[in-house]
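Just need the whole structure built from these sequences, with the hints factored in.
Note that the protein sequences, when read in sequence, are chains A and B.
Residue numbers for the first sequence follow the numbering used here, beginning at 196 and rising by one.
Residue numbers for the second sequence follow the numbering used here, beginning at 196 and rising by one.
For the record, the hints were derived by calculation from the structure and aren't laboratory data.
There's no promise every hint is true.
Simulated crosslink set (PhoX-like; lysine-lysine; CA at most 20 Å straight-line) [as the list claims (entries may be wrong)]: (1) Lys604(B) with Lys540(B); (2) Lys228(B) with Lys537(A); (3) Lys199(B) with Lys220(B); (4) Lys220(B) with Lys202(B); (5) Lys228(A) with Lys199(A); (6) Lys540(B) with Lys228(A); (7) Lys615(A) with Lys604(A); (8) Lys540(B) with Lys622(B); (9) Lys292(A) with Lys535(A); (10) Lys537(A) with Lys418(A); (11) Lys228(B) with Lys540(A); (12) Lys535(B) with Lys228(A); (13) Lys450(A) with Lys537(A); (14) Lys540(A) with Lys615(A); (15) Lys622(B) with Lys604(B); (16) Lys535(A) with Lys604(B); (17) Lys228(A) with Lys537(B); (18) Lys612(B) with Lys622(B).
There are 2 protein chains.
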Amino acid sequence: MKSKAIKIGMIGLGTVGTGVYEILKEHSQLLAKRIGIPLEIAKVAVRSKNKKRVLKVPSSLLTNRVEEIYSDPEIQIVLELMGNVQESRRIALQAMKRGKHFVTANKALLALHSREIFQTAHDNQVDICFEAAVGGGIPILRALREGFVANRIQSLFGIVNGTCNYILTEMADHGADFSATLKQAQALGYAEANPKFDVGGIDAAHKLAILIAIAYGVSVDLKNLYVEGISDIDPLDIEFGRHFGYEIKLLAISKQSERGIQARVHPTMVPSASMLAAVRGVHNAIQIDGDSVGEGMLYGKGAGSRPTASAVVGDLVEVARNILAGVAYTVPPLGVVGPKVKEAKIEPMGLLRSAYYLRFYAIDRPGVLANIASILSRFGISISSIYQQVREEGREVPIVVLTHEAQEKSVLAAIQKINKLSGIKRKTKLIRIEAKLK
Amino acid sequence: MKSKAIKIGMIGLGTVGTGVYEILKEHSQLLAKRIGIPLEIAKVAVRSKNKKRVLKVPSSLLTNRVEEIYSDPEIQIVLELMGNVQESRRIALQAMKRGKHFVTANKALLALHSREIFQTAHDNQVDICFEAAVGGGIPILRALREGFVANRIQSLFGIVNGTCNYILTEMADHGADFSATLKQAQALGYAEANPKFDVGGIDAAHKLAILIAIAYGVSVDLKNLYVEGISDIDPLDIEFGRHFGYEIKLLAISKQSERGIQARVHPTMVPSASMLAAVRGVHNAIQIDGDSVGEGMLYGKGAGSRPTASAVVGDLVEVARNILAGVAYTVPPLGVVGPKVKEAKIEPMGLLRSAYYLRFYAIDRPGVLANIASILSRFGISISSIYQQVREEGREVPIVVLTHEAQEKSVLAAIQKINKLSGIKRKTKLIRIEAKLK
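Shown next as structure tokens:
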């Protein structure tokens with residue numbers, strides 16, 4: 196065992212980078228006790244060395260040339276916390292080709308370039324770790340590769356975007372509408388100035404792609420994921436949902452069916468008594484159903500400087516323990532041996548079988564409901580409940596229909612027909628239901 | 196990489212052993228893909244070779260001499276699933292001294308003999324794994340040693356006994372009393388014929404000792420743990436608790452204070468909106484508060500053949516991956532380097548500061564409540580709420596008092612005084628409250 200420290204070169208000193216720097220400093224003794232040797236930040240690459248920072252970093256550590264990080268023979272671990280996908284990709288490849296272990300929190304990098312990145316890690320037999328890319332401080336990737344390794348994952352449900360969960364929780368608690376709540380979330384720093392990436396479901400889709408890749412040992416083409424955000428959610432739907440015993444959550448879902456792997460991100464009604472319904476605010480949770488273990492869930496803070504940095508430092512410790520033992524790549528990034536993995540066969544969304552919440556806006560006159568019911572029936576969709584709050588003859592009223600399990604493409608076709616009825620004045624709202632979630 | 200299989204010698208073929216055998220058989224290909232080499236059960240030691248078993252095991256694999264397992268030079272991993280503490284201890288030491296890696300699900304073994312076991316693993320540089328000993332299929336030990344390694348654990352709350360959680364959930368749902376619910380749990384196989392070990396809190400205490408050892412990198416003397424079971428819980432207390440917004444759970448609790456580490460198992464009132472309150476039936480959950488990650492929780496099935504076997508096989512895979520990489524003991528069992536750890540300094544229970552639920556049974560006549568309040572006040576205990584459901588002059592009625600944070604020994608002394616008042620006819624019920632749990 197070498198007595199000197201393990202040297203880390205860090206790229207990026209934003210929110211997460213600052214958290215990592217602070218944890219390594221505050222917990223240097225604790226970590227040395229847990230690893231057997233200290234971790235040392237040897238160099239930090241930043242865009243501007245002279246930028247004012249709250250964090251005090253000795254200027255001797257700072258550089259604005261990333262090459263200085265991955266070319267430094269003393270540095271054994273390159274930690275990328277910069278965010279930009281193309282630059283990160285280039286750095287990852289350069290670093291690993293030089294035999295550096297690579298740690299990142301960059302979910303877009305992994306979602307878009309995992310094949311190339313994992314191949315390079317394998318070819319150079321270096322560790323590639325990215326626990327912080329999904330679920331912030333929640334050690335879900337590690338759990339999928341190790342703790343749940345004895346399982347075929349039958350389904351996976353994730354609340355993996357804190358911004359969306361915060362907005363939906365606030366809307367549910369206060370009955371406020373989406374845009375007002377988004378503005379409030381932005382004011383509190385829980386949502387970005389440009390919120391599309393979060394509320395549009397894209398961030399959740401990146402994370403889902405990574406989860407699926409590890410759960411099934413496959414590569415995932417982002418294009419094959421179905422993605423729907425939360426901006427169309429109406430307080431009315433939250434209220435109606437509760438009437439039927441459901442809460443609305445933005446879920447990243449994957450299930451194994453005979454037709455392939457489901458891969459979808461969309462607002463979902465989950466039973467109010469389920470564990471996922473209890474996940475409030477900016478928290479994240481990933482629930483799995485494994486054929487050996489049954490249902491399991493990991494819950495925690497999905498974002499923020501310290502929680503994310505906690506996961507990053509966990510990765511650094513893993514790599515450091517491996518360096519001390521003289522090994523690398525003992526647990527492959529996708530949980531299966533060898534970098535050559537199959538492309539995931541994703542079930543086409545039209546073939547999905549699900550229960551549905553449908554909200555029609557109809558002129559309340561005789562025959563409208565009969566027409567709706569008759570179209571649904573013609574498409575093989577059977578109704579489990581109907582709810583109509585207030586009846587006011589001749590005025591527009593919401594009619595809510597819950598269906599039994601039906602095929603997505605039939606439901607969409609039926610809605611298209613229903614939307615053309617003379618009594619229907621607005622586009623029908625569709626929300627998928629996961630009624631069996633515990 | 197060797198192409199032949201990694202050979203496992205298994206001791207015990209009860210509930211968990213059967214689950215392990217089945218998983219290794221059903222998932223042999225999947226596991227080989229995930230490890231890079233097959234796992235093979237080479238021998239199984241059982242008490243009686245001729246016992247009728249549902250599980251079909253080739254008789255050539257069976258032996259009733261455990262020495263055949265740990266003396267076999269082909270066997271690299273000894274898996275102990277027998278249960279008996281003294282025999283397990285002997286086998287563990289014998290196996291590790293012969294260079295075998297040792298996997299077990301035996302929580303009592305670890306709670307009672309960890310010092311000796313870990314020292315032997317260290318001296319022989321073999322892996323010692325026991326994920327299944329706490330929380331069944333929940334990968335909590337791994338999470339504490341690896342995923343949350345960047346954290347000082349500030350507090351830890353566990354629902355770690357499924358029998359107790361099942362009974363409390365049933366009592367809450369149906370208002371039934373403890374003994375009737377226990378009988379029902381026994382009939383359903385959720386409780387043992389001799390339930391003391393579970394409902395008395397001893398099983399939870401064993402698990403808490405292991406959790407504390409790993410969370411803080413210490414050794415724990417079971418004698419120092421405060422243990423109180425659930426047999427005194429009355430449906431009335433569950434009802435009153437709900438009135439104040441609390442559910443009652445049997446929690447294993449550890450917190451760091453200036454006076455040491457708290458280590459206690461007892462019925463606890465937790466906020467109804469907290470994640471732990473949502474853990475129902477036989478499920479387990481462990482919630483931690485880490486100084487970096489904030490609060491996190493792992494949830495799942497805490498017992499049963501397959502869930503427990505899922506954790507055991509996870510351990511087998513970890514050891515197998517290490518064997519292939521030519522390493523062992525890379526992550527030390529207590530998460531800190533070296534086998535020499537300090538004995539945990541446990542805070543004496545009398546010094547605990549907590550909020551309390553106190554239920555008095557008093558004759559409803561003028562002055563009784565004033566007497567109670569005056570005694571509490573004399574002991575420095577301040578009241579946050581009082582609840583008295585029905586007033587019937589001259590008859591015995593329950594009076595519920597919730598206190599602000601107070602010192603345990605003052606509360607006990609005050610109760611002793613109150614129990615002697617002429618208007619008090621029964622022993623006062625005390626339940627600790629964790630009001631800040633999220």
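So which of the earlier hints does this model not fit?
-> 8, 14, 16
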